[in-house]
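Visitor: What follows is each chain in one-letter form.
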Amino acid sequence: GNSVTQMEGPVTLSEEAFLTINCTYTATGYPSLFWYVQYPGEGLQLLLKATKADDKGSNKGFEATYRKETTSFHLEKGSVQVSDSAVYFCALSDQRNTDKLIFGTGTRLQVFP
Amino acid sequence: NAGVTQTPKFQVLKTGQSMTLQCAQDMNHNSMYWYRQDPGMGLRLIYYSASEGTTDKGEVPNGYNVSRLNKREFSLRLESAAPSQTSVYFCASSRTSNQPQHFGDGTRLSIL
Numbered sequence: 021g022n023s024v025t026q027m028e029g030p031v032t033l034s035e036e037a038f039l040t041i042n043c044t045y046t047a048t049g050y051p052s053l054f055w056y057v058q059y060p061g062e063g064l065q066l067l068l069k070a071t072k073a074d075d076k077g078s079n080k081g082f083e084a085t086y087r088k089e090t091t092s093f094h095l096e097k098g099s100v101q102v103s104d105s106a107v108y109f110c111a112l113s114d115q116r117n118t119d120k121l122i123f124g125t126g127t128r129l130q131v132f133p
Numbered sequence: 004n005a006g007v008t009q010t011p012k013f014q015v016l017k018t019g020q021s022m023t024l025q026c027a028q029d030m031n032h033n034s035m036y037w038y039r040q041d042p043g044m045g046l047r048l049i050y051y052s053a054s055e056g057t058t059d060k061g062e063v064p065n066g067y068n069v070s071r072l073n074k075r076e077f078s079l080r081l082e083s084a085a086p087s088q089t090s091v092y093f094c095a096s097s098r099t100s101n102q103p104q105h106f107g108d109g110t111r112l113s114i115l
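Protein sequences appear in the order of chains C and W. The first sequence runs 21 to 133 under our numbering. The second sequence runs 4 to 115 under our numbering.
Chain W on its own, in the form it takes in the complex:
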């Protein structure tokens, strides 16, 4: 029962470097999401994909891009990392957009 798998679990980058966070789900879910979690701010939605082939901006999309590669995979890319993007990133999926979301274990990203 893998559920939602995120890689890597930890990463340290230098300012200006690029990086792609990977997410895959094996539950045949249609909708997938990327959040960031910062102290005192809860989770904020970066981008989401309601179905394969579609993506939409969330609350804090600036500095990020996403790709819904297929139904299983939804990647998040930082083209030019900035210290303000230091955070814990969570991927989630749900069967449809109005069903409960299942979360991965997170990627802890530090940008120096």
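Excised from the complex, chain C in its bound form:
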């Protein structure tokens, strides 16, 4: 079945460091791919999305490119801030059943001054 695999955390970085959080997926067809962010004590918020191969989603300095050849959707940011500390979830929507989002297990990012 469809699945999403994320790198385990926590990822610990100093402010202004470069961030990569790896995400790979298994799916039939052409799923849409998402990154959600969860700040402490809050629900998930959509960070960015991509709906077809080679699309690049971007928001708040974060980027991710839909790579069908490597079945990946890695999240990157050139210079992280303390305020980026959160849990990041990669997710896909099943093309055949778009009612359902399948989430990865989440990666905690901790950014220190």
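By construction, these hints were calculated from the structure, which means they are not laboratory data. Being a predicted model, the structure only gives us computed values, none of them experimental. Cβ atoms here follow ideal geometry from the backbone N, Cα and C, with glycine treated the same way. Some clues are possibly wrong.
[As the list claims (entries may be wrong)] Straight-line alpha carbon distances no greater than 25 Å define the calculated PhoX-like cross-link-like pairs of lysine-lysine that follow:
# : chain 1 : residue 1 : chain 2 : residue 2
1 : C       : Lys69     : C       : Lys80
2 : W       : Lys60     : C       : Lys120
3 : C       : Lys120    : W       : Lys74
[Claimed, not checked] Short, incomplete list of chain W residues facing chain C, as computed with Cβ under 7 Å:
# : residue
4 : Gly43
5 : Phe93
6 : Gly107
7 : Gly109
[Unchecked claim] Among chain C residues calculated to face chain W with C-beta under 7 Å, some are:
#  : residue
8  : Glu62
9  : Gly124
10 : Gly126
Chain W: place on chain C using the hints.
Guide: Coordinates of chain W only, in the frame set by chain C:
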């Protein structure tokens, strides 16, 4: 801009007690969802409602029931709570089933 509102935010139950978690959205969304979040397991879908009047099972429906009361409200009921249902529960909604989901702030439920 309330978005998705969940009540209560925290609850402690004893094994065997029943409880209903409430969720309401004010964005005129058609689809609504209930998830549980457990450490190391991400979010798992319990039930969803693609439109008013319909509900479907997700990945982990056992021990739960849902009601789509109207377009705005989607409740989750635990008839006989078990310690394995200790979790953080999130409600979400989306305009249609293939649109991004908007999440509430969660209900932290502990069952002793």
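Visitor: With a cut-off of 7 Å on the beta carbons, see whether Gly109(W) makes it to chain C.
Guide: 6 Å, holds
Visitor: Gly126(C) was flagged as interface toward chain W. Is the shortest Cβ-Cβ separation under 7 Å?
Guide: Status holds, d = 5 Å.
Visitor: Has the given pair, Lys60(W) with Lys120(C), been kept, meaning a C-alpha gap of at most 25 Å?
Guide: 11 Å, holds
Visitor: Taking the least C-beta to C-beta distance, is Phe93(W) closer than 7 Å to chain C?
Guide: 6 Å, holds
Visitor: Take the shortest C-beta to C-beta distance between Gly43(W) and chain C; is it under 7 Å?
Guide: 6 Å, holds
Visitor: Holds or violated: Gly124(C) as interface residue toward chain W, Cβ cutoff 7 Å?
Guide: This interface hint holds because 6 Å falls under the 7 Å limit.
Visitor: Between the alpha carbons of Lys69(C) and Lys80(C), is the straight-line distance 25 Å or under?
Guide: Distance ~13 Å between Lys69(C) and Lys80(C) Cα, so the pair holds.
Visitor: Glu62(C) was flagged as interface toward chain W. Is the shortest Cβ-Cβ separation under 7 Å?
Guide: Interface hint status for Glu62(C): holds (6 Å vs cutoff 7 Å).
Visitor: With chain C as the partner, please determine if Gly107(W) meets the hint condition of a C-beta pair closer than 7 Å.
Guide: The hint holds - Gly107(W) has a Cβ within 7 Å of chain C, the shortest such distance being about 5 Å.
Visitor: Taking 25 Å as the top limit, are the C-alpha atoms of Lys120(C) and Lys74(W) close enough?
Guide: 19 Å, holds
In this structure, every one of the numbered hints holds.
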